[in-house]
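A.B. asks: Given chain L, work out where chain Y should sit, using these hints.
2 protein chains.
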Amino acid sequence: MAVYTEVSDDALVRFVAGYDIGTVLSSKGIAEGVENSNYLLHTDRGNYILTLYEKRVDPGDLPFFLGLMEHLASRGITCPLPVKNRAGEALGELAGRPAAIISFLDGMWVRRPTAAHCAEVGEALARFHLAGADFPIRRPNALTLPSWRPLFERSRARADEVAPGLSADILAELDHLEAAWPSDLPAGVIHADLFPDNVFFIGQDLSGLIDFYFACNDFLAFDIATCLNSWCFEPDLAFNITKGRAILSAYERVRPLTDRERTSLPLLCRGSALRFLLTRLYDWLNVPPGALVKPKDPIEYLRKLRFHRTIADASGYGLALDAPPSAGVVPAGAAS
Amino acid sequence: MAVYTEVSDDALVRFVAGYDIGTVLSSKGIAEGVENSNYLLHTDRGNYILTLYEKRVDPGDLPFFLGLMEHLASRGITCPLPVKNRAGEALGELAGRPAAIISFLDGMWVRRPTAAHCAEVGEALARFHLAGADFPIRRPNALTLPSWRPLFERSRARADEVAPGLSADILAELDHLEAAWPSDLPAGVIHADLFPDNVFFIGQDLSGLIDFYFACNDFLAFDIATCLNSWCFEPDLAFNITKGRAILSAYERVRPLTDRERTSLPLLCRGSALRFLLTRLYDWLNVPPGALVKPKDPIEYLRKLRFHRTIADASGYGLALDAPPSAGVVPAGAAS
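Protein sequence lines, in the order shown, are assigned to chains L and Y.
Under the UniProt record's numbering, think of the first position of the first sequence as 1, with each following residue one higher.
Under the UniProt record's numbering, think of the first position of the second sequence as 1, with each following residue one higher.
FYI, nobody ran anything at the bench for these hints, they're computed from the structure.
Please note that a few of the clues may not be correct.
[Said to hold, decoys possible] A few chain Y residues that face chain L, going by a derived Cβ cut-off under 8 Å, partial list only:
no.: 1; residue: Gly29
no.: 2; residue: Asp106
no.: 3; residue: Arg111
no.: 4; residue: Arg112
[What the hints assert, rightly or not] Going by beta-carbon spacing under 8 Å, a handful of chain Y positions derived as facing chain L:
no.: 5; residue: Ser26
no.: 6; residue: Lys28
no.: 7; residue: Ile30
no.: 8; residue: Glu32
no.: 9; residue: His42
no.: 10; residue: Asn47
no.: 11; residue: Val110
Backbone N, C-alpha and C fix where the C-beta goes; we use that ideal spot for every residue, glycine too.
If we strip away everything but chain L, and leave its shape as in the complex, we get (with noise of 0.2 Å):
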């Protein structure tokens, strides 16, 4: 939740005043997203969001960001497009911050997925892997392994505030991790945060994916562990392997993983979980004075991390072992 940059109205009509999409008619400041401040607009041509960036965001990465958007809508994803100014420029600059305006996808996230809102995921995540094969920009992930320890020395003194022997537990993980992590997967565009408050659903129907600010060049498989992590744990944090079982299955369909990827599974979702403990655990511990953002619990992440330990092979989230790969084999276009 976040809308950290006031825009004045005059300001406001100003910028919007440089594209063609209407007079405004109203804008609305949205509780949702937390990285950047959104409004949704009204013109008397529809709806779109304007994005300003905020400083958590690089804006030598906009252009990566912009940039594939239009790459995937052009190959068939579902997904907001930034509307270009007068200039022919995605990009430009409202109350100091760079800003755009991006079309108004409808939709509304799954507060409670079921495990056919799963099997949706998988198969347009499998599409965007395919679909980001040829998008010519990189942009490495700012939060991959190396990474890891640096960001966790930042909260280290205070991390057993948070949980007795948190640092200990981290530290070992991070041990384990750096000792075992695969160099050698397919690797290409991912999103890197496809939680459920970024897949958006009509009725039953994935209607599309949203906020593409941390997608970057990593292991495509990352992304599989970072989905299995946010959709299929319980409310209880029990994880639910028929959810499991739906993910894999669909993204298999239009991308059949390689024996490497299933082999290393387990340690990517370990290393997903550990991921996003480090960041929550560093949000937590950070809340900055006024923050309207309510940091969330790192130890949800812990939690998750802890039976990913328990996981011998990809079995263990449902996916069919035995099971030949389809014949159909689509290869990553971009393995590195």
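C.D. replies: Okay, now just chain Y, sitting in the frame of chain L:
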């Protein structure tokens, strides 16, 4: 800024099915409004506001608020209009709270009002007062003179933490207002919170009034005092008499003030400033844990109060005291 209540997608779809407003395509929490949770609904028929009434609102007051909106709209005041459900009710229940769907009102609130905006507000306020005259439900003002001392008692012990000497200052003001407060002014339905964020404009034209959740019966001129406080001070808290004159003369073109209202104006302005000082002081000292709302600065209203102490008569606000009331005097219909 507030979304206090999360509404699950399936509960929302069930709730909306009770209304003839089409199918919900999206729902976004709006980062505006302090008292209630507001969602912008986009359906295949258009945009609507869904309001969930939180615990600061007494459910017993909702027929007054919703009925007032209907009453005003039927008399030509542009304001949001409650949508009745298929059972003919404006009020339902969602996520355990009283809830209503309200028509979406286009327009934006003006961050830096000009004298022209102030004139529009003065005229709209007078029309509001006339339109409310025959509204049959009554609701006493819970935030006028008798409530102020008990309200202050809840902050008194810690008031000097906010500003040295604040407690003594407020106590002296309470003594003065309790001795001098008028009892015989024209009364009726007042908005009671007509700050700039509750008045929408499209371009230079006022497009409607919103947020009737403080509306009540009280002196009509107390509403004018609140507008002078909230529209006519510059960011450095200097009073802009041009803006004051704009509000007052536009108001008087619709409803001329009585002599007693004119002479009472400085006192009413002090009372209105104290009312907002006291509620802001209480909120400042009582930010709930995990609050999403940043409390507003009480000291702004202390400085406004001190300004009003220097005003000898209503000419200090720009009122033309020697001009005779215009010929077409419209009596305040609901004078108590």
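A.B. asks: Work down the list of hints and note, for each, if the structure agrees.
C.D. replies: These are the hints, each one checked on the structure:
1. Gly29: 4 Å, holds
2. Asp106: 4 Å, holds
3. Arg111: 5 Å, holds
4. Arg112: 7 Å, holds
5. Ser26: OK, holds: Ser26(Y) within 8 Å of chain L, min 5 Å.
6. Lys28: Because about 5 Å separates Lys28(Y) from the closest Cβ in chain L, which is inside the 8 Å limit, the hint holds.
7. Ile30: 5 Å, holds
8. Glu32: At 6 Å from the nearest chain L Cβ, Glu32(Y) passes the 8 Å test, so the hint holds.
9. His42: Holds. Min distance 6 Å.
10. Asn47: 6 Å, holds
11. Val110: Val110(Y) check passes; min Cβ-Cβ to chain L is 6 Å, inside 8 Å.
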